[in-house]
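**Q** Read off the chains here:
Number of protein chains: 2
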Amino acid sequence: MRYHKIPDETIQRLPIYLRGLLLSSNLLRQNISSNTLANILGTNPWQIRKDFSYFGDFGTPGVGCDTKKLVKRISKILKLDVVHRTALVGVGNLGLAILKFPGFKTFGFDIVSAFDTDLRKIGKTIKNIIIEDTVKLKLLKKRKIDLAILAIPRESAQKMADELVKVGVAGILNFSPCNLAVPMKVKVITIDIAMDLARLPYYMSAS
Amino acid sequence: MRYHKIPDETIQRLPIYLRGLLLSSNLLRQNISSNTLANILGTNPWQIRKDFSYFGDFGTPGVGCDTKKLVKRISKILKLDVVHRTALVGVGNLGLAILKFPGFKTFGFDIVSAFDTDLRKIGKTIKNIIIEDTVKLKLLKKRKIDLAILAIPRESAQKMADELVKVGVAGILNFSPCNLAVPMKVKVITIDIAMDLARLPYYMSAS
Chain A
29 MRYHKIPDET IQRLPIYLRG LLLSSNLLRQ NISSNTLANI LGTNPWQIRK DFSYFGDFGT
89 PGVGCDTKKL VKRISKILKL DVVHRTALVG VGNLGLAILK FPGFKTFGFD IVSAFDTDLR
149 KIGKTIKNII IEDTVKLKLL KKRKIDLAIL AIPRESAQKM ADELVKVGVA GILNFSPCNL
209 AVPMKVKVIT IDIAMDLARL PYYMSAS
Chain B
29 MRYHKIPDET IQRLPIYLRG LLLSSNLLRQ NISSNTLANI LGTNPWQIRK DFSYFGDFGT
89 PGVGCDTKKL VKRISKILKL DVVHRTALVG VGNLGLAILK FPGFKTFGFD IVSAFDTDLR
149 KIGKTIKNII IEDTVKLKLL KKRKIDLAIL AIPRESAQKM ADELVKVGVA GILNFSPCNL
209 AVPMKVKVIT IDIAMDLARL PYYMSAS
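Protein sequences, first through last, are from chains A and B. Numbers given in this note's numbering equal positions in the first sequence, counted from 1, plus 28. Numbers given in this note's numbering equal positions in the second sequence, counted from 1, plus 28.
It is worth saying that the hints were derived from the structure and are not from the lab. Quick caveat, the model's predicted, so the values are computed rather than measured. Treat the hints with care, since some could be wrong.
Same chains, same label: a pair holds when it works inside one copy or across any pair of copies.
[Said to hold, decoys possible] Pairs of lysine-lysine, DSBU-like flavour, derived with a Cα cap of 35 angstroms:
(1) Lys215 / Lys128
(2) Lys187 / Lys97
(3) Lys213 / Lys170
(4) Lys187 / Lys100
(5) Lys187 / Lys78
(6) Lys96 / Lys187
(7) Lys133 / Lys96
(8) Lys215 / Lys169
(9) Lys215 / Lys104
(10) Lys128 / Lys164
(11) Lys100 / Lys166
(12) Lys133 / Lys100
In isolation and in its complexed conformation, chain A is listed as follows:
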């Protein structure tokens, strides 16, 4: 089920709420209120209540909402209630950081395959994953992998994205600072860390 009316900004914040709820200390609470969640996340309770209003309410005022039910509800909306088998393409420094990053499991992402073009890397094992040659990308379909993380230089990003689309990948998390051209049915989210840094000075106080 897709909730068409939820704005992108809300979808962007839901994983933040989910991460906050999944902190072990919070999972021990039977109920959680928007004020408590806002406190934990350092955000506004009204923003949380507004975001939640798109798909339900926040339980009884003053009591809050059943924590586990809330986790389930947000996970379902974000389609994170199933394990997503994910491939990593590009095992450079960034790729290595991604492979070792513990945060993906929280959301049900399981990186099960890793690919590179560098012969010195192919065949090596990192975190129980054998790095394979990118010519083997066609195996993704058989392995039921529909999500890929692209951590390669800009020059080869489009070519590799084309390959991924060909083998049935429906979502790409792209770390190359470029816009990938993909068919409408494929969703790309591009992370350019320089872009995030570029927002900082605007908000910094004049010193």
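Position chain B against the provided structure of chain A, taking the given hints into account.
**A** Frame of chain A; chain B shown alone:
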């Protein structure tokens, strides 16, 4: 000068426009229209025109805007019209990827110092930068560095952020999946790559 009325969403998009304009092929154009820019970026021209309406207009309809002037104007709003001396704290896989990432220069960020706690890394040179012991963070003030990129494990992130605040850092780009508590005058932008991945399945077509 700080333009108080510009919404955060617009500020988030301005670096994307700036990156698009700075592509060498576009800098060669005398004028650029919102339609052309939208085409390059794969975005909506009306969105661009709306964003630009907060601080001016997009030149003459049908002709567009002087490209170089536009670059200057956006850079000035984002306070990217000066070089920002930046420090990297944490030279693990992610830190290495950041050090080698070419995209920062585009926006005027110059990573001039790098720090780590690992004795095996301290003293090594990467990209002409000698990795120093984090006990030397107090040198940041003297080096006129007011921006830091934090690429360390979650456990030590808050402690290191406290150190950075103490030595006068006004902005932190934080890669640890946690909310840092800092004084109001310090701006933190947190990037949790798992969060971005967590948005993907929602947008992926049911297959």
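**Q** Confirm or reject each hint.
**A** Here is what the structure says about each hint:
{"no.": "1", "hint": "Lys215 / Lys128", "result": "both (24 angstroms within a copy, 28 angstroms between copies)"}
{"no.": "2", "hint": "Lys187 / Lys97", "result": "between (42 angstroms within a copy, 34 angstroms between copies)"}
{"no.": "3", "hint": "Lys213 / Lys170", "result": "within (20 angstroms within a copy, 52 angstroms between copies)"}
{"no.": "4", "hint": "Lys187 / Lys100", "result": "between (38 angstroms within a copy, 33 angstroms between copies)"}
{"no.": "5", "hint": "Lys187 / Lys78", "result": "between (41 angstroms within a copy, 33 angstroms between copies)"}
{"no.": "6", "hint": "Lys96 / Lys187", "result": "between (42 angstroms within a copy, 31 angstroms between copies)"}
{"no.": "7", "hint": "Lys133 / Lys96", "result": "within (18 angstroms within a copy, 45 angstroms between copies)"}
{"no.": "8", "hint": "Lys215 / Lys169", "result": "within (17 angstroms within a copy, 43 angstroms between copies)"}
{"no.": "9", "hint": "Lys215 / Lys104", "result": "both (18 angstroms within a copy, 33 angstroms between copies)"}
{"no.": "10", "hint": "Lys128 / Lys164", "result": "both (22 angstroms within a copy, 28 angstroms between copies)"}
{"no.": "11", "hint": "Lys100 / Lys166", "result": "within (34 angstroms within a copy, 46 angstroms between copies)"}
{"no.": "12", "hint": "Lys133 / Lys100", "result": "within (16 angstroms within a copy, 43 angstroms between copies)"}
The structure agrees with every numbered hint stated previously.
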